[in-house]
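Visitor: Sequence:
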Amino acid sequence: MASLLVNPVMADLVVLDPAGAADVADRVRALRPRWIERAEHFWTLGVATYLDLAHSADPVRAYHERFESQNALLTEHFGDVHTAVGAALAEHLGAPTRFDSGRAALPGFHIFEELGISTGGVPNEHFDLQYEALPWAAEIVHPRQHISFTLAIRLPHEGAALEYWNFTVEESRRRRRMGRAGDIRRIAETKPPTRHPYQVGVMAVQMRSVLHRIGAVPRLWPGDQRITLQGHGIRDTAGWVLYW
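Counting with the numbering used here, you get residues 1 to 244 for the letters of the sequence shown.
Everything labelled a hint here was simulated from the structure, so no lab data went into it.
It is possible that part of the hints are untrue.
[Stated by the list, open to error] Across the chosen pairs, the derived CB separations fall in these ranges:
1) ASP58 <-> ASP17: 38 to 44 Å
2) PRO33 <-> ASP58: 36 to 42 Å
3) THR190 <-> ASN7: 20 to 26 Å
4) THR119 <-> TRP35: 20 to 26 Å
5) ALA22 <-> PRO192: 32 to 38 Å
[Claimed, not checked] Lysine to aspartate or glutamate pairs mimicking DMTMM-like chemistry, simulated, CA-CA at most 25 Å apart:
6) LYS191 <-> GLU170
7) LYS191 <-> GLU163
8) LYS191 <-> ASP128
9) LYS191 <-> GLU125
10) LYS191 <-> GLU171
11) LYS191 <-> GLU158
Note that beta-carbon positions come from the ideal geometry of N, C-alpha and C, so glycine has one too.
Can you make the complete structure from the sequences, with help from the hints?
Guide: Below you can see the structure in the form of structure tokens.
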């Protein structure tokens, strides 16, 4: 599997060719009746720990009672994509990868349409700490050994990107202990982020837990759609568990 870019924070791994990505986009659109509405012009296909578990008022109903049926749907229609993602990550990470579909949600899709696509002005900076909300079957090697990944399937006319700061969750926690939690907001407001453009068929892997956000586009075009496969990985004694 080809790697286009690798640095201490990000790695780009080619997973799908343009025709393959277009086919996946068609499959996602064909399942529109099964999309889960999250906000105006924003849906997911599949459940997600950050929406349905970590930040849910009723995680049993929202996550635990739904992820198995959602996993079955994703496996039926996108099992080949999961296999390709797992193989690319195993090669890059140098360790086995697996899905634990009986315990956690499988990687699923973000779908944004037109006005749901960010053009700026909405702060959404965060760290990916979803793994803290899930019980794991095996011993976690180290909580810092976790990744997040985004596989671009369809992008708006003006593209899409991840924006990040070289500011880790460990540094954030250290500052909070010192009573300096406000530093995080100041960093996001005063320091320009690094912009990492997405490419259709390429999986952008966040190798370190750094402060990040969805990058805005300069303008919207009629019919714009942003479809990405989203997931995370946590390292345990048997390899990497991939989930959403």
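Visitor: Okay, which hints does this one fail, numbers in order?
Guide: 2
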